[in-house]
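> This is what each chain is made of:
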Amino acid sequence: MSVRVSIVGGSGYVGGELLRLLLFHPLVTVAQATSERLAGKPITVAHPNLRGIPAAREVQFTSQDRLTPCDVLFLALPHGDAARAIDRFAELAPKIIDCSADFRLRDPALYARWYGETHPAPHWLEQFVYGLPELHRDAIRTARYVSGVGCNATATNLALLPLVRVGLIDPTRDVIVEVKVGSSEGGAQPGESSHHPERSGAVRSFAPVGHRHTAEVVQELGLSRVHLSITSVELVRGALATAHAFASAPVSEKDLWRAFRATYGSEPFVRIVREKQGVYRLPEPKILAGSNYADVGFAVDEETGRIVSICAIDNLMKGAAGTAVQCMNLMCGFEERTGLEFPGLHPI
Amino acid sequence: MRATCPECEAEITLPEGTVEGEILTCPECAAELEVVSIDPPELALAPEVEEDWGE
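One line per chain: the protein sequences are A and B, in this order.
Per the working numbering, the first sequence starts with residue 1, numbered consecutively.
Per the working numbering, the second sequence starts with residue 1001, numbered consecutively.
To be clear about the criterion: a stretch of chain B counts as covered by chain A if any three or more of its residues have a C-beta under 8 Å from a C-beta of chain A, and this derived list gives those stretches:
(1) 1001–1009
(2) 1020–1034
Beta-carbon label-pair distances, calculated as ranges:
(3) B:P1047 with A:A55: 54 to 64 Å
(4) A:G333 with B:E1055: 45 to 55 Å
(5) B:P1040 with A:G333: 41 to 51 Å
Quick caveat, the hints were computed from the structure, so don't treat them as lab data.
Only a predicted model underlies this, so the values are computations on that prediction, with no experimental measurement involved.
Backbone N, C-alpha and C define an ideal beta-carbon position, used for all residues, glycine too.
Work out the full structure, taking the sequences as your base and the hints as a guide.
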């Protein structure tokens, strides 16, 4: 029997990626996808890659007030909208996966600090599990409500997790993370800064300090001294986190291999990339476009103890919709890889 | 027959008929390795050829 899923906010980039994945998922049926702006129109108006796909013909955008009950509801709404309407959404489906930042943080005070406002539904925060399977797989399996992940936070968390778990980092020193990101992170709504002649070719340091995803790294890794800088580069999809940390004791490349294998050796969607020869020796987001893999790698300066830990993802996949579907698979008792095995393209 | 990569400590299965002096590539870290002994199986980093990897 097929699980019925619906997507609220189906015309945006994350909504489109969810549709692409779920229309091909063998164990689910897409019941509804909402868009207020495009209600009544075929979903291919927003997502032309889905043209000609029989399952896509069955779905046209509908407005939120015509949503009917389903088994799993995905929310892919602008910041704040999910939190303001969560009581109503919870009446429509027993399981919810929210891709926004609304329910990622457990502590309302941390939310207020990073989002500059009081949380609209603070009593819901503790009901959501942070939806990164590499950190919370068992809790996700039994959760009714799962929050999606921030793309930059995911690249950072996956880069740093092995170092934190094995205790390689000196906790008295700061960890600095530079994340280079593609333009799709800005979403489907245009603005002056995304106008093609302004954005094309840009290397734009758009959040040198104060990026909101820092809160997710602090919460999930328990690091207090972690600092993110985000730079948008000439990519549509992709995020590359380069984390600089200092070791608590002398550390070698072999120590890092052990830490990364211990953390990710059996993870279905994390690959260790640290090769001695070839063109792609370290993680590179280009070859991950459309794929749910996170590639992680590292280098160490043994003289200074500086560890450089690197993670590449597709921001719309492992950084958003792909991980959300991975969570759905866990919540529904499906094999975790189902519908997510596309390996990406080369050359691209 | 299994041996350990001296670069990344991956467990590598040596193909049937491997002989001493053979060069193989570690499937995990792509290091060029020389089979320096068969019994017991032992691998060492092979001399590196000149680098051609840059910007």
